[in-house]
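Residue numbers (this note's numbering), protein chains in the order written: chain D, 1 to 361; chain V, 1 to 361; chain Y, 1 to 361; chain S, 1 to 361.
Hint data in this document are derived by calculation from the structure and do not stem from the laboratory. For glycine and all other residues, C-beta sits at the position ideal for the given N, C-alpha and C. There could be a bad hint or two in this list.
Unchecked claim - Calculated Cβ distances over 12 Å to all of chain S for the following chain Y residues:
{"no.": "1", "residue": "P2"}
{"no.": "2", "residue": "A8"}
{"no.": "3", "residue": "P32"}
{"no.": "4", "residue": "D176"}
{"no.": "5", "residue": "A221"}
{"no.": "6", "residue": "K230"}
Unchecked claim - Just the calculated beta-carbon pair ranges, DEER-fashion:
{"no.": "7", "chain 1": "V", "residue 1": "A148", "chain 2": "D", "residue 2": "D162", "range": "39 to 45 Å"}
{"no.": "8", "chain 1": "S", "residue 1": "I189", "chain 2": "D", "residue 2": "R75", "range": "40 to 46 Å"}
{"no.": "9", "chain 1": "D", "residue 1": "P188", "chain 2": "V", "residue 2": "K54", "range": "50 to 56 Å"}
{"no.": "10", "chain 1": "V", "residue 1": "S169", "chain 2": "D", "residue 2": "K99", "range": "33 to 39 Å"}
{"no.": "11", "chain 1": "V", "residue 1": "P220", "chain 2": "S", "residue 2": "R316", "range": "37 to 43 Å"}
{"no.": "12", "chain 1": "Y", "residue 1": "Q66", "chain 2": "V", "residue 2": "R316", "range": "26 to 32 Å"}
{"no.": "13", "chain 1": "D", "residue 1": "I189", "chain 2": "V", "residue 2": "E199", "range": "32 to 38 Å"}
{"no.": "14", "chain 1": "S", "residue 1": "N218", "chain 2": "Y", "residue 2": "P310", "range": "46 to 52 Å"}
{"no.": "15", "chain 1": "S", "residue 1": "E73", "chain 2": "D", "residue 2": "Q172", "range": "49 to 55 Å"}
{"no.": "16", "chain 1": "D", "residue 1": "D204", "chain 2": "V", "residue 2": "I267", "range": "17 to 23 Å"}
{"no.": "17", "chain 1": "D", "residue 1": "D204", "chain 2": "V", "residue 2": "D166", "range": "45 to 51 Å"}
Next come the chains, spelled out residue by residue.
Number of protein chains: 4
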Amino acid sequence: MPGNTFGAVFRVTTAGESHGPGNVCIVDGCPPGLELSVDDLRPDLDRRRPGQSKLVTQRKEADEPQILSGVFEGRTTGTPIAILIPNADQRSRDYDDIKDKYRPGHADYTFDAKYGRRDYRGGGRSSARETNVRVAAAAIAKKLLRQAHGIEIVGYVKQIGDIVADIRSPEQVTLDQVEATPVRCPDPIAAPRMIERIEQVRQDQDSIGGVSELVAINVPAGWGEPVFDKLKADLGKAMFSLPAVLGVEYGVGFGCAQLRGSENNDIFIREGENVTTRTNRHGGMLGGISSGLPIVLRCAIKPTSSLSKPQETVTRGGEPTTIRTKGRHDPCLLPRFVPMGEAMMALVLADHMLRQRLMNG
Amino acid sequence: MPGNTFGAVFRVTTAGESHGPGNVCIVDGCPPGLELSVDDLRPDLDRRRPGQSKLVTQRKEADEPQILSGVFEGRTTGTPIAILIPNADQRSRDYDDIKDKYRPGHADYTFDAKYGRRDYRGGGRSSARETNVRVAAAAIAKKLLRQAHGIEIVGYVKQIGDIVADIRSPEQVTLDQVEATPVRCPDPIAAPRMIERIEQVRQDQDSIGGVSELVAINVPAGWGEPVFDKLKADLGKAMFSLPAVLGVEYGVGFGCAQLRGSENNDIFIREGENVTTRTNRHGGMLGGISSGLPIVLRCAIKPTSSLSKPQETVTRGGEPTTIRTKGRHDPCLLPRFVPMGEAMMALVLADHMLRQRLMNG
Amino acid sequence: MPGNTFGAVFRVTTAGESHGPGNVCIVDGCPPGLELSVDDLRPDLDRRRPGQSKLVTQRKEADEPQILSGVFEGRTTGTPIAILIPNADQRSRDYDDIKDKYRPGHADYTFDAKYGRRDYRGGGRSSARETNVRVAAAAIAKKLLRQAHGIEIVGYVKQIGDIVADIRSPEQVTLDQVEATPVRCPDPIAAPRMIERIEQVRQDQDSIGGVSELVAINVPAGWGEPVFDKLKADLGKAMFSLPAVLGVEYGVGFGCAQLRGSENNDIFIREGENVTTRTNRHGGMLGGISSGLPIVLRCAIKPTSSLSKPQETVTRGGEPTTIRTKGRHDPCLLPRFVPMGEAMMALVLADHMLRQRLMNG
Amino acid sequence: MPGNTFGAVFRVTTAGESHGPGNVCIVDGCPPGLELSVDDLRPDLDRRRPGQSKLVTQRKEADEPQILSGVFEGRTTGTPIAILIPNADQRSRDYDDIKDKYRPGHADYTFDAKYGRRDYRGGGRSSARETNVRVAAAAIAKKLLRQAHGIEIVGYVKQIGDIVADIRSPEQVTLDQVEATPVRCPDPIAAPRMIERIEQVRQDQDSIGGVSELVAINVPAGWGEPVFDKLKADLGKAMFSLPAVLGVEYGVGFGCAQLRGSENNDIFIREGENVTTRTNRHGGMLGGISSGLPIVLRCAIKPTSSLSKPQETVTRGGEPTTIRTKGRHDPCLLPRFVPMGEAMMALVLADHMLRQRLMNG
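With the sequences and hints as input, model every part of the structure.
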């Protein structure tokens, strides 16, 4: 069973390679009546695309989406929404290096092991370029979530190298705060240090990893399925489906290993008419089902594998060689990861929002 | 879409509550011809069940599995395998506390928010008792993987509180080493300290969290699907589908945030006829597809939420109250988590082993 | 991908063989709050089981269902409902004939071709015995449909051999009329002739085919998905998933081949506040979506393949031989098909009832 | 759960409306290494498109497919294949009639009932135009089936009105015979009579129904899943997913109602090294699994609902009115149904071909 469809009832299927004609997604399951145009898709595509700042790759990718179906007279019809983002630049470059050599940290070797062949141009299907249609699809999901429940999803950079942002109230971070700096870190003290660090590794022809934190507020209690499709399970899959993610944690996360139950448990209290908890170490989900508290998760992102400096590797035939990645790559994936992570979070939440409707009466 | 089925082509569907008649799973997609009897299911069920040692809960659960279908003359027939594990003890106890009060850290409140009602006896569907049929199903998966590729899956306790085991070569840890101590930590120095720590928290009527590491060796390169169903994504979902898991990481994991690309990239080399990497910071998957290196992941497990000491909480009606969990609970979930984590890893790998057959020819 | 699960959001997974310990189903996706007990399952199980009358097989099958999960304090909880129907009689009989010879019209040969092995006892997984858990699952679906929309599903025998019942208003046939005779034909003139015909073929050690008509009333307009999961497509799959069904048709069915558009089109009219059609040649679905008119379909059922008289065949090794089916078999499948057909119709409608909830804003 | 995806492991997802920018499909699960170009897609698209002969609609639809992904250096890569067929003519015509009036026999009313709104231009998503991408996707499936097993799928017109073709050996009909006449009936006596009949109804501003027979040869024994995903069940769903299909039958089909078991059973014999049957009343499947005999099915197709002559109907508001369908429509759907029916048959067979690989040890 192929793996290019995501979601149970709000379903996204994608296709496309880095240097083919374009990337396509089909969003199936969007309810009818939602106002929608390409203008809804552009803001997050702009946040995702290369060339926004000197912190990220300077490649030019126009990312101009076309809605091919499912919208009529400005509103969704309930039928599938196909979105095409043509690849602006399909010139055939010199890919001889990538063709014959395995780039460290990339999927070149594993694709060959899986398929026996691969579209080697710019990474082909394994390129992060494929995420542009995920971001487009998720713009629809975000709009659905906002209109139905006032849900807002905000991601930001929490850590670059050993520089950790000081974010006391994840649920209060705003998009404006995030977008205030090209590094997408809302901590005004850490942000310039992160920028400086990224500049440094770029000059060193190197790259650096980091951590992104993602928050969803106003998610009602009760979303998620108790056993395999726990909300934390589907969100975990969503995050790990993004390139370069090596870790995911919720709430107190790996820190829970050092806690006692009496320290870790969040105590239930009444707040007006509602039940809530005094603290949110649980990250907004209990038993895999949303608790009504903000959903808070963090993703660990590895340093960009493509380096301008030479690296040892082998050819397809196993001969030792060296490789330098030509072209311009992100010295740090984190700033552009933020809209990708938000996108996957939105797809999962929209899916579970609809699934919860199956529970009603 | 309900969430009680796991896997695409090796599919497990489960049902059952903690104190109902029993738990059931249907394993669909197991190829014909595999030798199978209940004896294959018992060893991991015994590792999972309560009462094995003083480190874990002293509840009595017999966990005697019955194979109801799909096996004939000692071999699988290719038709679905139903397994029933009756609940030995269904006596109606005094559940008034659980019925009316929300246990901190448990799913009582979120189940009510989702369904409007719940089977409150012993946690009902949210109880970890449900994992017994997962473990039974996974015993089949483990046997398939072993016979087809010599794959071995070994899990162990890596950390309890601030005690971290020193495991230099995860791929060399053996089941015997793990089972040598009741805490399932193969580090002979850390193990007794962990045992002591768990004893301590138990005496304190408290609990403690930890980290479990899971390793699969001999997984061929090429398993996993490139986009949404990356092997790391499906494994991530699998782990987060287990109770109490707050974090998952692969290879270098969250440590990647502090690394540069030149430090993190694993260099490809030739080893005999094969391509491999010199190091395994990537955790055995590149681009979400197995690389042939050992798959190494870690799960953060929160401290048991049930405590013998009184905790503040509210009733269903929102009134402040206190709750003490009666009965015997694990002071630390880690030792019993190990077979559960292995089980989910086995289910994912068996699924992708079969999916890879679709690529051939 | 294995084929033992049916439905998208109201999902039934089955397991079990004819002469193993029993048959099991897991019904996933039933909303919480439905009153349910084994008493709800018995009536249709009794209609399906052998030995009800001399028209059907005289085998003894108790078909006593056990609900293993998903029901608490008399109501569904929203978690999966597992139902076990033990096989009362698992004595090992003399199956040497079936073991080594291919019964004409049965799945013995094709199972061997598929799996290389088979549970040959009584047909194993290919036995119609497997439908008992479908009927049990569908009793839940019927109850959901009735309570939510007053939907009633009634099936009956329309034709046996060349005897065709005269049913002018399918939507007015009642369960009482159907159950008035053991042949389940509500036409009081045709019914005794059908009974006589079945008696005749039984005495001839032969069997006979027929047609069953199935009707669902009060299905609201708007159910079904426009493209692949048209309501007629899902119903068609459901019917063809039953043993012995060689044809399915809706409304005017194959008769449409001889009609002109001006004769066949059903004209829209207003009826009170609603739009409806003057006639129902379309069988209650237009564009694959329910129109609000009664859904009417017919299934062609082949004559029982098992015959008491000797038939030519070959052994597994290909040697010519003859076979006589021992034991008692239905001389005509139609009377017992009726509850099976109704069951599959109910499963499809319950699934699409829930799917339609996803459309609501 | 939305219904725009078909297939379990060879999966096709479609999107698009009649008068939007175009139709798109994503074919997921095609193995790597298959030679493929748009030239492979054109022949069947040409057979499906309007304007081929005076028997079918004279609308102009170019149906020029673009492959957007999944093919590199002339071969499939194993990643999803996206195909776009732009709608050549998207001019906004006068749709006021369709907008406000319910066309008899069409999905206008049921779409409104389902979604509350619809793209009324030319039928929108309910238009048969959507099948062009199914035919394109199926061209890939046909090529896979042919290369792997020499499977050939041939469909033809069996009946128009009361004119029935005399086809004694369905498995011997060739594509050339079918394409010899514009009516796609390989019986040289019936074909001209059918053509004349269609001409007649066109002049009468009317339409006519018919029956199409579809045959697949060289399908190995053993394909199909025993319970819900029987090959006959999946084929049945596939056929009923096509517009205007009101009936589907296999082998002897509805004729089985009049047969005795001793007349209907196909006797197993040895043929060389193989087991086969002397006759093929069973239509190539036993127990829902292919027997190795030709798969033979028939679909009943209703007369075109769109008529040039005025028909009574109501407006969206329920007011009585009349409607005449402007534009040119097929007076008989049968000739253009043939490639659509073949397409769905190919999609099902390719899916089960791959699923059968999961059985191999």
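Results for each hint:
| no. | hint | verdict |
| --- | --- | --- |
| 1 | P2 | violated, 6 Å |
| 2 | A8 | violated, 4 Å |
| 3 | P32 | holds, 19 Å |
| 4 | D176 | holds, 25 Å |
| 5 | A221 | violated, 4 Å |
| 6 | K230 | violated, 6 Å |
| 7 | V:A148 x D:D162: 39 to 45 Å | holds, 44 Å |
| 8 | S:I189 x D:R75: 40 to 46 Å | violated, 54 Å |
| 9 | D:P188 x V:K54: 50 to 56 Å | holds, 52 Å |
| 10 | V:S169 x D:K99: 33 to 39 Å | holds, 35 Å |
| 11 | V:P220 x S:R316: 37 to 43 Å | violated, 60 Å |
| 12 | Y:Q66 x V:R316: 26 to 32 Å | holds, 31 Å |
| 13 | D:I189 x V:E199: 32 to 38 Å | violated, 44 Å |
| 14 | S:N218 x Y:P310: 46 to 52 Å | violated, 33 Å |
| 15 | S:E73 x D:Q172: 49 to 55 Å | holds, 52 Å |
| 16 | D:D204 x V:I267: 17 to 23 Å | holds, 18 Å |
| 17 | D:D204 x V:D166: 45 to 51 Å | violated, 33 Å |
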